[in-house]
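Work the whole structure out from these sequences, hints included.
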Amino acid sequence: MITRNIYILISIFFMFLTHSMIHAQYEPLAKLWGVSVNEVPNLLDIESNLTMVDSLLTPILDGSCFGGTYIDVKANKIFINTVNSSMIPIVESSPKIKPYINLLSFQSATNSSYHLNYTLYNLTVLAQELKANNVIIIINPKFNNVVIYLNHEDDKTNKNFIDVAAKFYPIMNYSSKSFTNSNILEFKIEKRNIQDKVLDGDGLHNIEGNPVCSAGLWMRDANNPNKNYLATAGHCARYQPLNNQGFVDFYHIPWIFSPPTYRYIGPLTQYSFSPYDFGLIEAICPNTSITTIINNFPSRIYRELFIKEVKSITTIGVHVCKSGYTSYATCGFVLNINAKIIGLDVDNNTSVKEGMMLTNLYFDEGDSGSPVYQYSKSLPYVPVVGIGIVGEVGPSLAGVLHLDVILRHYQLVVVVTP
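The sequence shown begins at 7 in my numbering and counts up by one.
Each statement offered as a hint is correct.
No farther apart than 25 Å at their CA atoms in a straight line, the calculated lysine-lysine pairs in the DSS-like style are these:
#1 Lys317 / Lys37
#2 Lys137 / Lys165
#3 Lys148 / Lys83
#4 Lys80 / Lys383
#5 Lys80 / Lys104
#6 Lys80 / Lys148
#7 Lys137 / Lys162
#8 Lys102 / Lys83
#9 Lys173 / Lys148
#10 Lys317 / Lys383
#11 Lys37 / Lys148
#12 Lys137 / Lys173
Per label pair, the in silico range of CB-to-CB distance:
#13 Ser61 / Ile177: 26 to 32 Å
#14 Ala172 / Ile290: 48 to 54 Å
#15 Tyr124 / Ser99: 25 to 31 Å
Derived from the structure by calculation, the hints contain no laboratory data. Just so it is clear, CB atoms sit at the ideal spot from N, CA and C, and this is done for glycine as well.
Okay, here's the thing in structure tokens:
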């Protein structure tokens, strides 16, 4: 009898331990949503369902009568900015939407999508003509307005643009340009063995041993499967020493205070700064393996996540996470799916970065090029959605280059876990 009771207690203990470990894997999302880890799986289901309904809803919204949508996972609602309320019955009567009416929340709004897109276009043109620098312009449906993100360090350069832009009544949002990783220093206490495999999110250093950017995703040439690349941000090539062929050589540097390894990956043979901030390191060193594995430190349960599929982000309000060399794994929300970053290059010429979503992911210097992904209920397998680009406005605003833009323009495929 005693033996049987001990067996039952041990079984209960291991069931509790397994349950705790399963839910602990969602701690980053629990923190992001402000809920207990036990609630996260249900919220992931809600997010998936709202995203699906939003994809059905968006095409039938008249741009002159509505002003965009966004989801709130905790509220289990899709909020619809409504300029002309007489159109609500038409939307609700759609056969595709009828089953989901209880998920919709029509809220009175002033600006239609047509008006917002017109304003966005004009402000983008003005920013280029007036040589604005480090400016992000988006339509934010939560405010039913165009939002311009700036920092005071560029006030002198941006004065003319700010004065003219004010006539369009956008929201001016100022951020601090300074970066700090004080919020993650507490995790920098472990050592990791230097390995010859490159995890997505690990660091990249140059020939001088200086950390530059983060390793992105393993990609292949769609027309030549023998051509393997490690994706990163295009601007990682800026101000870097060149090899004899005129390319920047990159080497692998693991997380956690690792010295330069000089473990060669290959040269950055293809890159652009605008309109798409994207680069490809040709993986030519046979002794260094690129992988389909995302570094997920500081997670204690799943230190590594496995890329299973590519996913497109089309809904504002969903979560995304990134894995970067400097600030490690962090999560945030999508604020916009069509952001534009306007800046000046070294020759004082204007460049516009496009094809990006804007997020409030925490990014720091050195995180550029990092893989961006979403959590799933099938951990440790996750879908990837983009490549992270550090915005020059501040650490809490990060542009993410959509993966479908990359694959479409560069004839590439993302290598996934078998």
